[in-house]
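Colleague: Listed below are the residues making up each chain.
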Amino acid sequence: MSHEDHDHLRCRKLAESMTAYIDDDLTPDDRLLIDKHLGECGGCHNYLDQMQHTIDTIKALRGSAPAPETRAKLLGLFRQWKQDREDC
Amino acid sequence: MTEPQSPTPTATPAAADTDNGATDVEQAALIAALRAGDEEAFATLVDRYHETMVRVAQMYVADRPTAEEVVQEAWLGVLSGIERFEGRSALKTWIFRIVTNRAKTRGKREKRTISFSMLGPVDDEKSGEDPGMFLPEGHEWAGAWSAAPESWIGLEDRLLQHEARKVVEQAIAELPERQRMVITLRDIDGWSSDEVRNELAVSQTNQRVLLHRARVKVRQALENYLARREGVNA
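Protein chains in written order, with this note's numbering: chain A, 1 to 88; chain C, 1001 to 1234.
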């Protein structure tokens, strides 16, 4: 592993700022500093890439539509609500 | 079943509806259709939000069946309140406000003490990057990687396999409560940081800290999983 001149921003500090970086929640100066470090440090570059892969894998859990029986039950409630409303 | 409580449409400022890109026009059309008793409009909302509503409710009640009950009540609350909904917040925000209120009420009844702010200072939870990943204080390169992270490029297929998803699910289930709440809403359900701040009444900084710690743990779980796979394939 090579240690180029990035004393100004050690990898640990960058790793801790990764979510703020990904969320674009940094001052332009801080962002520039991180971009510069990422360009020089393969480890941090890979860490960012791992975090992005992690987020993508989490996103894959995103639920689709509810189970058919749940959906049918809710639509039944809707029909009942509509009926009750019309009866009023 | 109790009469649904009157929702409070003014409680939350409109949050950007980032989740499904619902536009104002689409929202207005959905509301009008719902008021007119259009089942398709209701089904659209159910498909879009039901699973997330259950996840949100689960933060406040004991188990999934209770959360399902709470959400069913919340849907009735949505239907009974839609006539009075003034559109001062996004429809999504309003719907989730109803879910949260009901789930909190139910949680209190079950004496489940769950309040985000009652869980103590965020910094009490020891977590974040493992210090062992970095060279220690006193070292010439203190704070640099002790072993540089490896590239995951080319491993996308493995990461999208069912097994990897199980690993992620398990890692999230094991997180401290607040980290689990934040990562669920942000990364699974795709809420914006503003939406999460409103829902959980947490500062921007704490939200980011919690999200980061949660992601760090899930990343670690995936790294362990990939290393195991490597071992198997070697």
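Just to be clear, a hint being listed does not mean it is correct.
In silico SDA-like cross-links for lysine to any residue, where the CA-CA straight-line distance does not exceed 20 Å [claimed, not checked]:
1) A:13 x C:1188
2) A:73 x C:1064
3) A:59 x C:1110
4) A:13 x A:49
5) A:73 x C:1066
6) A:13 x A:34
7) C:1166 x C:1188
8) A:36 x C:1166
9) C:1166 x C:1085
10) A:13 x C:1131
11) A:82 x C:1166
12) C:1166 x C:1030
13) C:1166 x C:1148
14) A:82 x C:1172
15) A:59 x A:13
16) A:73 x C:1055
17) C:1104 x C:1093
18) C:1166 x C:1223
19) A:73 x C:1039
20) A:59 x C:1220
21) C:1166 x A:13
22) A:36 x A:12
23) A:82 x C:1083
24) A:13 x A:39
25) A:59 x C:1029
On the chain A side, residues computed to face chain C include the following (Cβ under 10 Å) [to be verified]:
26) 10
27) 11
28) 36
29) 39
30) 81
These are computed hints drawn from the structure, not numbers from a lab.
Virtual Cβ for every residue (Gly too), placed ideally from N, Cα, C.
Colleague: Hint by hint, say whether it matches the structure.
Modeller: A quick look at each hint next to the structure:
no., hint, verdict
1, A:13 x C:1188, "26 Å, violated"
2, A:73 x C:1064, "16 Å, holds"
3, A:59 x C:1110, "32 Å, violated"
4, A:13 x A:49, "16 Å, holds"
5, A:73 x C:1066, "16 Å, holds"
6, A:13 x A:34, "10 Å, holds"
7, C:1166 x C:1188, "14 Å, holds"
8, A:36 x C:1166, "36 Å, violated"
9, C:1166 x C:1085, "40 Å, violated"
10, A:13 x C:1131, "11 Å, holds"
11, A:82 x C:1166, "40 Å, violated"
12, C:1166 x C:1030, "35 Å, violated"
13, C:1166 x C:1148, "26 Å, violated"
14, A:82 x C:1172, "39 Å, violated"
15, A:59 x A:13, "26 Å, violated"
16, A:73 x C:1055, "18 Å, holds"
17, C:1104 x C:1093, "16 Å, holds"
18, C:1166 x C:1223, "14 Å, holds"
19, A:73 x C:1039, "13 Å, holds"
20, A:59 x C:1220, "17 Å, holds"
21, C:1166 x A:13, "30 Å, violated"
22, A:36 x A:12, "15 Å, holds"
23, A:82 x C:1083, "13 Å, holds"
24, A:13 x A:39, "16 Å, holds"
25, A:59 x C:1029, "29 Å, violated"
26, 10, "3 Å, holds"
27, 11, "5 Å, holds"
28, 36, "15 Å, violated"
29, 39, "15 Å, violated"
30, 81, "5 Å, holds"
In this structure, the hints that do not hold are numbers 1, 3, 8, 9, 11, 12, 13, 14, 15, 21, 25, 28 and 29, in rising order.
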